[in-house]
Structures are given as C-alpha cells and as structure tokens.
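**Student:** Given next are the chains, with one letter for each unit.
4 protein chains.
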Amino acid sequence: MRIAATIIGAIAMTATPAAAQEAPPRLVPAFTIVAEIGPAEELGATARGPRRIIPITGGTIEGEGISGTVRPGAWDWQVDRADGCTELEAVYFVETDDGAVINVNNRATICPPAQGEESAPVFTRPIFEAPLGAYQWLGQGTFVGRLGLATDHPVPAVRIEVFRVQ
Amino acid sequence: MRIAATIIGAIAMTATPAAAQEAPPRLVPAFTIVAEIGPAEELGATARGPRRIIPITGGTIEGEGISGTVRPGAWDWQVDRADGCTELEAVYFVETDDGAVINVNNRATICPPAQGEESAPVFTRPIFEAPLGAYQWLGQGTFVGRLGLATDHPVPAVRIEVFRVQ
Amino acid sequence: MRIAATIIGAIAMTATPAAAQEAPPRLVPAFTIVAEIGPAEELGATARGPRRIIPITGGTIEGEGISGTVRPGAWDWQVDRADGCTELEAVYFVETDDGAVINVNNRATICPPAQGEESAPVFTRPIFEAPLGAYQWLGQGTFVGRLGLATDHPVPAVRIEVFRVQ
Amino acid sequence: MRIAATIIGAIAMTATPAAAQEAPPRLVPAFTIVAEIGPAEELGATARGPRRIIPITGGTIEGEGISGTVRPGAWDWQVDRADGCTELEAVYFVETDDGAVINVNNRATICPPAQGEESAPVFTRPIFEAPLGAYQWLGQGTFVGRLGLATDHPVPAVRIEVFRVQ
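Residue numbers (the UniProt record's numbering), protein chains in the order written: chain A, 1 to 166; chain B, 1 to 166; chain C, 1 to 166; chain D, 1 to 166.
Among the hints, erroneous ones may be present.
Stated by the list, open to error - Covered by chain C, per the in silico footprint, the following chain D stretches (three or more residues, Cβ under 8 Å):
#1 63-75
#2 93-102
Stated by the list, open to error - Distance windows between CB atoms, simulated:
#3 B/Asp98 - D/Gly133: 37 to 43 Å
#4 C/Gly38 - A/Ser67: 16 to 22 Å
#5 D/Glu118 - C/Pro39: 46 to 52 Å
#6 B/Pro29 - A/Gly99: 28 to 34 Å
#7 B/Pro39 - A/Gly38: 35 to 41 Å
Since the hints were derived computationally from the structure, they do not count as laboratory data. Beta carbons are placed, not taken as given, at the ideal position from N, Cα and C, and that holds for glycine.
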C-alpha cells in the first residue's frame with residue numbers, strides 16, 4: 001500500500017513535464033574518500049579466477065556535511081574475469097568526526113581500454129550503511145563513485161569521488 | 001600487476017586536464033526496460049521487516065543496440081525498513097531479439113518524501129550479466145536506473161530508464 | 001550486551017561435559033522439497049564462466065509441521081568454475097497449505113568425482129526466510145540439504161532432503 | 001550436459017541402497033578456528049536494526065591437513081532482528097603455514113533460548129575460498145561450524161569447530 005503510493009508518487013513526477021522526463025538524472029558531488037592502500041598481495045588462481053588483496057590502511061572522508069577518517073584493517077578483494085576485466089569489492093568503515101561509524105561497500109568492474117583508446121575512468125557502485133540520525137541519508141540515496149590514484153597524497157592511496165544521483 | 005597498470009591508466013586520465021577532472025561524470029541514456037507487473041502480494045512481517053512480492057510477468061527492453069523481451073516468471077522482492085524506506089530487489093532475465101539471455105539484478109531504496117516536498121524520482125542500481133559477445137558491455141559498464149510507472153502501457157508496468165555512467 | 005549474554009550462554013553449554021563438547025552436531029531430518037524442473041537452458045560463456053538456467057516449474061514441500069507447494073516461475077542459476085565444479089543457486093518460494101509464503105535460497109557446489117571414485121552425494125546450503133509466526137523457525141535454524149534426482153516423481157524433478165543441524 | 005551427468009551420478013548413488021538413502025549425512029570434524037576478538041563496538045540503530053562490530057584480531061586454524069593463523073584486521077558485523085535473533089557475518093582471511101591465503105565468510109543466526117530451556121549451541125554456515133592446489137577442497141565441500149567462547153585461550157576468543165558434511 002505504502003509502496004504503491006510511493007511508486008505512484010514517483011510516476012506522478014516523471015509523468016509531468018516532458019522536459020523533466022527526458023533530461024537524464026545528474027550526478028552531484030557529495031564527498032570524497034581518500035583510501036590509503038598497501039601493496040597488492042597476489043593470492044593466485046582460484047576457482048573463480050586470479051585473486052588479490054589490496055590492503056586498506058587508513059584515509060579520510062571529506063564533503064558537505066561529512067568529515068572523518070577511514071579505519072585501517074580492511075581490504076579490497078579483487079578477482080580477474082575471463083573477459084579481461086577485474087572485479088573489485090572494497091569493504092571498510094569510515095568514522096565521522098562526531099563519532100558515527102559507517103559501513104562502505106564499494107564495487108567496480110575495471111576493464112582494459114579498447115585497442116587504440118586511452119583508458120577510461122573507473123566508476124564504482126558504492127553502498128553505505130549508517131546509523132539512523134545525521135548520516136542516514138547515506139543509506140537512502142543512490143551514489144556513483146569515480147576512482148583514481150590520489151597522486152597528491154603523501155602515501156599510496158586511491159581517491160573515490162562520490163556523486164549522488166539526483 | 002595488470003590491475004596496477006589499469007589503475008595507473010585511470011589516474012593518468014583523471015590527472016590530466018583540470019576541467020575534465022572536475023566535471024562530474026554524465027549519465028547517458030542506454031536503454032529502457034518496461035517490466036509488466038502483477039498485483040503486489042503482502043507476505044507479512046518477517047525478522048527483517050514486512051515483505052512483499054511484486055510479480056514480473058513480461059515486458060520489453062529497447063535501446064541503442066539492444067531490443068528484446070522481459071521473461072515472465074520473476075519478481076521484485078521488497079522489504080520495509082525501520083527508517084520508513086523500502087528496499088527493492090528485482091531479479092529477472094531479458095532475452096534479446098537475437099537470442100542472448102541476460103540476467104538483470106536491479107536494486108533500489110525508495111524513501112517517502114520529506115514533509116512538504118513532492119516525491120523524488122526513484123533511482124536504481126542495475127547490474128547485468130550477459131554472455132560474452134555482442135552484449136558483454138552490459139557486464140562491464142556502470143549503470144543507474146530511473147524507475148517510474150509506465151502509465152502509457154496497456155497493462156500495469158514499471159518503466160526503468162537505464163543510463164550509463166560516462 | 002544481549003549478544004554477549006547469548007554467546008556466553010552458548011559457551012557455558014559447550015564448555016560443560018567433555019562428551020557433549022566432543023560429539024559432532026547431528027543432522028536431523030526436517031522436511032523434503034521436490035522441485036520440478038524444466039530442461040536446462042545453456043546461456044553460453046560469460047565473464048564468470050559458462051552459465052545455465054534450470055527452470056523450476058512446481059513441486060512440493062513435506063515434513064514434520066510443514067506441507068505445501070513450490071511456486072512455479074523460478075530457476076536455478078548455475079555457473080561452471082575453473083576447477084571443474086559447478087555452483088548452483090536456486091531461489092524460489094514455497095507456499096504452505098495454511099498460506100505462508102517462504103523464500104528459499106539454496107546454494108551448492110557440485111564437483112566431479114575423483115578418478116576411480118563413484119560420485120559423491122550433493123550437499124546444499126539452504127537458507128529460508130519465513131514470516132514471523134508458525135514458520136519463523138525456518139529463519140532461525142541452520143540447515144543442510146542433500147540433493148538428488150527424484151526418480152520416482154512423474155515429471156523431471158530434484159529431491160532436496162533438508163536436515164536441521166542440532 | 002556435464003551438470004546433468006553430475007546430478008544423474010549423484011542420484012544414481014542416492015538411489016541405490018535404501019539404507020544409505022535414509023541415513024542422514026554425517027558431520028565429520030575438519031578443523032578448528034580460534035578467532036581472537038576485541039571488545040564489541042555498538043554502532044547504534046540502523047534502518048536494518050541495531051548494529052555492532054566485533055573486531056577479529058588474530059588467532060589460529062588447526063586440523064587434519066591444515067595449520068595456520070587468522071589474520072588481524074577483520075570483523076564480525078552483527079545486526080539484531082525483529083524476532084530477537086542476531087545475525088552474524090564474520091569475514092576474514094586465514095594464512096596457512098605454507099603460505100596459502102584463504103578467505104573465510106562465516107554466517108550465523110543466534111537466537112535466545114526458549115523460556116525455561118538452556119541455551120542451544122550456535123551453528124554457523126562457513127564458506128571458504130582458497131587458491132587452487134592443496135586447499136581447493138575448502139571451496140568444494142559443504143561445511144557447518146559450531147561456535148563457542150574459547151574459555152581456555154589466553155585472550156578473549158571464539159572457537160569455531162568446523163565439520164564437513166559427508
């Protein structure tokens with residue numbers, strides 16, 4: 001019942017002005033995670049393909065309405081697929097300056113660039129789970145990440161710019 | 001090693017022109033799924049919250065380079081959370097006109113609008129798994145969906161506009 | 001706090017008589033699912049390995065305190081791994097005679113027998129989610145399945161004997 | 001085809017002697033994991049229920065054909081459900097004495113004992129992923145865990161006795 005109302009509400013919106021209906025959603029900058037990483041550790045071939053671990057050893061989260069650190073003691077667990085792409089799944093916790101602990105699950109598929117093309121940016125599918133309260137919007141929105149090396153960071157790190165779909 | 005090269009390639013790109021680096025990624029229309037649905041079936045309260053099933057009974061997929069049907073005999077499995085939002089997970093298969101069968105996993109979180117606000121569009125996190133070949137790009141890209149009722153469809157249905165992150 | 005108490009309760013038990021501590025848990029028959037299946041449909045090679053669908057078209061669930069049917073319109077989604085084993089994941093709903101609808105997620109890894117050995121039985125890891133009430137024990141216990149062809153069934157079917165760990 | 005043969009092989013076996021068919025599978029001791037744990041950290045209420053983290057700080061794995069350590073820097077992530085039970089999901093890596101790194105995913109549902117009853121042992125559903133080679137059997141078998149406090153260990157720890165289904 002409630003969900004029906006919610007969906008009907010959504011359609012009411014998408015059904016109204018043609019312009020609004022046709023414009024794609026936008027990706028609005030939300031915050032940036034810098035995740036410090038240790039050396040990749042190759043685990044060897046498994047039944048699902050070659051596996052490796054990228055240790056996550058610390059870092060920061062900074063953005064509008066959120067500021068904090070990445071907890072050490074976590075990892076990105078990768079597997080190489082038969083199509084030459086690599087699947088990443090990084091799971092870790094960030095702790096905000098006011099003490100909330102938020103779970104991050106960030107997945108991506110990295111594929112080699114087509115021949116003759118420069119490499120494409122790496123996009124990720126981050127999901128957050130936060131306690132109810134100031135940060136519960138993290139578990140209610142839809143987000144996309146853009147992943148790159150944090151070349152300006154004093155230790156090896158990746159930068160994930162997180163955008164909210166709006 | 002390979003992945004290191006891939007990430008370095010990615011950073012090489014994001015590190016070059018400041019403009020490119022600062023512009024958010026874009027959501028580019030890829031294709032549209034119209035999923036025909038049956039009446040919601042309330043399963044009652046569970047240990048994780050109230051559950052319901054929305055049967056998926058057919059439909060279509062249409063877009064640049066892809067055209068086909070949604071196979072009947074699938075469902076969207078929903079659960080209501082403590083924060084008033086509902087989690088959706090629809091799992092089904094689409095079959096293209098040239099015979100490829102592609103798995104779709106489409107998740108979303110639908111939250112009621114804040115008081116005094118009109119309802120927001122519903123965004124989804126679709127993941128695809130296609131056989132290697134003409135449709136393998138579906139398993140290599142990053143996508144966002146926009147979900148609404150397909151009011152112009154002859155039978156009850158939802159429309160999912162799928163955008164590729166670029 | 002509560003969980004601490006629960007774990008302490010558990011250890012109090014396992015810590016007491018040496019005999020109880022050393023005897024392995026037992027697998028006690030709980031109920032049997034007969035799942036009727038359609039012909040396997042080969043989807044071809046994917047980035048994760050060759051995929052196939054085994055349609056689930058009906059069936060029954062029978063046991064102490066539970067009796068009902070398997071809903072049609074579901075499937076077992078399989079993938080062949082690099083070690084010669086096949087991973088199965090069957091997801092479907094059963095409906096009890098008194099109207100409860102229970103989600104079943106049943107996973108297994110099937111490996112070819114070692115050379116010179118007869119084939120081993122196939123064991124599965126079933127997880128259930130039932131509404132609160134008469135069947136909530138399904139979501140609270142730990143279960144193991146034994147999978148075989150239901151040779152005595154009038155249409156092609158598999159039989160899953162489900163055992164509760166005790 | 002191959003899978004069909006595998007299932008037919010399995011049924012051929014289970015279909016033969018009635019005695020073999022009727023006896024439940026057995027749980028055969030495989031190895032024991034002692035996981036050292038830090039103090040539980042309560043994260044507060046979330047949209048899925050109250051969450052907590054139990055840090056995993058080290059430990060050992062010992063059994064027939066396997067010996068090694070539990071890597072620190074991991075955690076058990078728990079959530080309390082509406083039925084009074086708690087779901088655990090511990091994810092960590094063990095490293096064998098000969099250098100293999102094995103992923104462990106261990107889930108359990110802990111429920112309070114019924115009124116007037118002593119508490120029940122806690123059973124778990126461990127899944128392993130090991131590199132191909134000496135330990136690939138870990139990713140091919142079906143296992144059940146029995147969880148209790150390791151009262152004889154010098155630091156706070158849980159003991160998981162792991163049994164193979166046979």
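**Student:** For every hint, state whether the structure bears it out.
**Tutor:** Checked hints:
no., hint, in the structure
1, 63-75, "violated (count 0)"
2, 93-102, "violated (count 0)"
3, B/Asp98 - D/Gly133: 37 to 43 Å, "41 Å, holds"
4, C/Gly38 - A/Ser67: 16 to 22 Å, "55 Å, violated"
5, D/Glu118 - C/Pro39: 46 to 52 Å, "50 Å, holds"
6, B/Pro29 - A/Gly99: 28 to 34 Å, "42 Å, violated"
7, B/Pro39 - A/Gly38: 35 to 41 Å, "52 Å, violated"
When held up to the earlier numbered hints, the structure conflicts with 1, 2, 4, 6 and 7 and fits the remainder.
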